[in-house]
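Number of protein chains: 6
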Amino acid sequence: MRSSNRRPDQLRSISFEEGFAKHAEGSCLTKFGDTHVLCTASVEEKVPPFLRNKGTGWVTAEYGMLPRSTHSRIDREAARGKQTGRTQEIQRLIGRALRSVVDLKALGERQVIIDCDVIQADGGTRTAAISGAYVALYRALQKLVKDGKLESLPLGHQVAAVSCGIVGDVPILDLDYGEDSTAQVDANFVLTDAGAIIEIQTTAEEKPFEEAALFEMMRLARLGINEIASLQRKALGLE
Amino acid sequence: MRSSNRRPDQLRSISFEEGFAKHAEGSCLTKFGDTHVLCTASVEEKVPPFLRNKGTGWVTAEYGMLPRSTHSRIDREAARGKQTGRTQEIQRLIGRALRSVVDLKALGERQVIIDCDVIQADGGTRTAAISGAYVALYRALQKLVKDGKLESLPLGHQVAAVSCGIVGDVPILDLDYGEDSTAQVDANFVLTDAGAIIEIQTTAEEKPFEEAALFEMMRLARLGINEIASLQRKALGLE
Amino acid sequence: MRSSNRRPDQLRSISFEEGFAKHAEGSCLTKFGDTHVLCTASVEEKVPPFLRNKGTGWVTAEYGMLPRSTHSRIDREAARGKQTGRTQEIQRLIGRALRSVVDLKALGERQVIIDCDVIQADGGTRTAAISGAYVALYRALQKLVKDGKLESLPLGHQVAAVSCGIVGDVPILDLDYGEDSTAQVDANFVLTDAGAIIEIQTTAEEKPFEEAALFEMMRLARLGINEIASLQRKALGLE
Amino acid sequence: MRSSNRRPDQLRSISFEEGFAKHAEGSCLTKFGDTHVLCTASVEEKVPPFLRNKGTGWVTAEYGMLPRSTHSRIDREAARGKQTGRTQEIQRLIGRALRSVVDLKALGERQVIIDCDVIQADGGTRTAAISGAYVALYRALQKLVKDGKLESLPLGHQVAAVSCGIVGDVPILDLDYGEDSTAQVDANFVLTDAGAIIEIQTTAEEKPFEEAALFEMMRLARLGINEIASLQRKALGLE
Amino acid sequence: MRSSNRRPDQLRSISFEEGFAKHAEGSCLTKFGDTHVLCTASVEEKVPPFLRNKGTGWVTAEYGMLPRSTHSRIDREAARGKQTGRTQEIQRLIGRALRSVVDLKALGERQVIIDCDVIQADGGTRTAAISGAYVALYRALQKLVKDGKLESLPLGHQVAAVSCGIVGDVPILDLDYGEDSTAQVDANFVLTDAGAIIEIQTTAEEKPFEEAALFEMMRLARLGINEIASLQRKALGLE
Amino acid sequence: MRSSNRRPDQLRSISFEEGFAKHAEGSCLTKFGDTHVLCTASVEEKVPPFLRNKGTGWVTAEYGMLPRSTHSRIDREAARGKQTGRTQEIQRLIGRALRSVVDLKALGERQVIIDCDVIQADGGTRTAAISGAYVALYRALQKLVKDGKLESLPLGHQVAAVSCGIVGDVPILDLDYGEDSTAQVDANFVLTDAGAIIEIQTTAEEKPFEEAALFEMMRLARLGINEIASLQRKALGLE
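Here the protein sequences come in this chain order: A, B, C, D, E and F. Mapping to the working numbering: the first sequence position 127 is 124, numbers consecutive. Mapping to the working numbering: the second sequence position 143 is 140, numbers consecutive. Mapping to the working numbering: the third sequence position 138 is 135, numbers consecutive. Mapping to the working numbering: the fourth sequence position 66 is 63, numbers consecutive. Mapping to the working numbering: the fifth sequence position 114 is 111, numbers consecutive. Mapping to the working numbering: the sixth sequence position 233 is 230, numbers consecutive.
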């Protein structure tokens, strides 16, 4: 049994509160247990310089943590004057994950900027961010269709993410902070609702591990993604 | 009548949700209408270098806006690599306002860092931030007393803030964004619950104005602060 | 009696040396006692990006202190790689104060950049800067008229600034550094020559204060501004 | 057949020139075909602040590309004033990979800084960097033993890395730049010489992919790592 | 004849106004014609980290130009967030020049920071800065002697600097901006009052030049330095 | 006799390996003894903003040291977020030296960026960099001629550089690090192959020195440059 009384293959309580932010074209307050991430999607009718006049759009992401979203306060990146390597790594992952399911040609010369801001952190902020960002992005793209700027949703797959890990030699799903900080192996899975792979990152925290552990974590991830994808669809009124 | 159907001397719907953030020593989600600011107070058992070994504590504040808290997305300061002048001006104001009511000697060699993060903006973010920061600060100081680190609350006065302005030649209280952007005069009042002055900043946006207008705005501010201070006390269970 | 043997309502010896800088379109070496600020106005035939092609001009200000303008040396901001919050706050104030009296439409698509550099500091640098900047700005705008680029001076009011404060419970005018560092209340007034309000900022340094003190400081400020405005006019040959 | 006439499971010509840099405690010029990375290991007899007086050592890594190591010149990060997200992501990966095989307690309060500088790039710089960094690190740690500062090598496993990908639906090993830029799937494997997993990162570049492709790439990676690990041992005179 | 009606070997009108800045331990407003540089020397009773506990002192210099000291306004370095290469080059030169005549051991564990700020520029700012900095430094060191902190002046030689150049094939002394911008060769000489060499920097601006030109410029420099050194002594009351 | 068994007028073993970098238009691995500098020349078909539409080209240079090119590791400038003053001084010198021999008008609206990266340092990196940069630049310009973009080489003179110094009262040529760190006088000469002066920088490290020493170093420099220029021509196949 896990400290949270969850089974190894059990997600935390997960919710997607679509439309949370008044001004954004799409938004979603995403909760994976005590991890709360506000995701917004902002549509801009221009693309970054490297794409100008190429007839294609772009999706990018930025990530941040409020200074006291964590157990002890972390420095405000804006005050330090730069983003940490961890922040950049995460926002690059979010952007890549979402771009992999968007038809950028069909999007046309516009950019969607995804902002994922962690209001409260308890492990798994990047997977919560990706899962919630999909909901915000969907709404923002849907608005473009409603406003007559696009004929149809330029979205291929549904994307969701979840973490897995091995704690005390047991593979488990959706780690909270306490589990994460004692995990022997740490893995993040970004999959489609059908379970196909968009991105996997796995790291041995303590000592190298065998392929079998990766397979077992992958099995757990598929179970979790299946549920998360269903919750995303419900939040979007698609199910 | 104002666009929001408020009387000139009427506040927006204001609420203080104390204890919103799980990890912080004190916290408050503050809403002035559609302006939502998350205020946290973090206690650190050390002081900044300029105060080391001087037997006195410190209170400082940082302020930020989520990129899509606003009508159109603003740049993320952490990505730009620096805070704007506006941000610095506001966080200096918040810190000054709170320090003015704390007995820093009695606080001892520790620092309270106030973080005010605007989740959603609709005018008056700095006054909402100050008012909510007081609630978070109170709780954090109270925790120091409960934990036996302080004998009594090192707080002199109760502090709250509100904006006033002149729109269409009419002095009004607690401007929303639409009013703020058409105001002829803009003023921010930081007062004690008894109406004494901690800080006033007033600016002619259009053309110089007469002293009488300042007096009238001051009268409105006192009315507003009176209500806000009462709501603060209720949120803290003091009334 | 004040340490400087001044009466409470007495200004320091004030002078405006117009045309001090050889290259600038307008310039003024401003002295408020031992506070010496060099103000220059530089005209550029272009506007910042956010104003391009909008048929309006802009006035902005930058402020700096020479590292050894102060009692003990302060870090050079250029070497630190950023301007302090105080610097940004002051330069925003100067810019706002001057823009409030310029007809930006009439100025056309050009920008006036005001540089206020403190050569020597003894309190009240921001109010000296605003007062001297007006003289430099006037000359620069006058040159545009002389050069046939403008038909008439795009200036509404005359603007000047002065500090007031309460020291030892006595309201006084135009504080020097020694007075400023022991003041209970600190206030800066930016007024027109007719005494109308452009900006007021007042802060309790020690404990909250009552409205009556604000009124008394306002009275002193009007007296001071009256004299300063006259000296500005003399420096410009208008009186 | 691949453009380079390699079989799908064939590495490029790989070499490790140990001792390339005169001053460093350990160094290795690493070549994976036309990708050339200079890796140095510098020993410092102190640890970063967060580890002081904790009786443990640290291994960290920095990564850079010479501006004209690439097809078209890239900006010099030192001149831009910051490292890109990609650079930070890679140097974090290198550091993590090496720390996973070092006994930090046994290393004692000292730090090894790994510098990986890309002299010439043709795909797979991060995997070449990790593989070469291991050689440099080994030598630097060996020197600590020779100098009597450590009793035995604080190294658990041997670590090497290689990229795999899917190009034209065919899984291939050790991609060069041309292959990398057309790959449907991109994966980096950091394994021990025994084939256990230290880190895997895999990304769908075009569309989501199935688990079977991951397994096939893993098989290729094991083949490649086996050869690379043997070349590392030869370079170190261990085989 | 030169545009300024000077002979080739004639200096501009040069003056050293010692004690110009009220707060600094030593100061000098230096004028080489229309080039005006304020030099201050600030004494700090500590040394930079790399010299701590080594029983030796340090002299360093910082240099800056007011934004409108020049014909057209230049960016404020503090606002840009970094100093230009030119600025750094000049301040390194000033520091080196002064350190070469100070007995750093005898100075003890204290630092003198020289600030050279260009109030108005008309060519030759770096040579004016060095020459004036010597006067400020002398006074600051003399104050240490007067205050009983040093037994005698830790100064070896007197140092002064002047520029030379070749304009229209004629070697000339002490170029103003107009001459500097059309010079074929540009040279800066830092010499002792006895004409010994501390630093020479010479650059062909147009095409390579012969040794004879260097000798002739050296001859002019000695003439100029002789006069400048005498003016320095007069300003210091030594002659 | 020198520690390296060289005569005072003897260069270190010098080599130019032209074409070292696969991607650059011109490149040269330059060795002055144990000082190894990789120089690349990158041609861009555009000019910096200040030259746009002026019908002239530009040559600029950047310089860097690998962190462990030196005896003890130096900070990575990209990680520190800024280039040191020394780096900027050197890259400005390299750029100036090369521009002095290029006909920028004839080059047309394109820019050549020279990158000089120190792989290993043992004194004299800036003179090695200039000498090698000339070889890289020559090749890059030659390629423009071969590609039909230029009719003839826009090069006036051949440029090379070497250091001299006075160690133990003896003037010597081409100092290594050990000599450089004990030199009484340090000088860098940038000359044409015919011995004409492009740039000279000389500094007294210990005490002021006399003109005769400068002449003697100049004589040594001419000897050295003569040999270096011959080696450059051989590397380029011109001799």
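Rather than coming from a laboratory, the hints here were simulated on the basis of the structure. These figures come from a predicted structure and were not determined experimentally. Positions of the beta carbon are idealized from the N, C-alpha and C atoms, including for glycine. It is possible that part of the hints are untrue.
What the hints assert, rightly or not - Some chain C residues near chain E, calculated using beta-carbon distances under 7 Å:
hint	residue
1	E59
2	G61
3	D100
How about C:E59: closest beta carbon in chain E under 7 Å, or not?
5 Å, holds
Once the shortest beta carbon distance from C:D100 to chain E is found, is it less than 7 Å?
23 Å, violated
Restraint satisfaction for C:G61 [CB to CB of chain E, less than 7 Å]
C:G61 check passes; min Cβ-Cβ to chain E is 6 Å, inside 7 Å.
Hint compliance for this structure: hint 3 is the single one not met.
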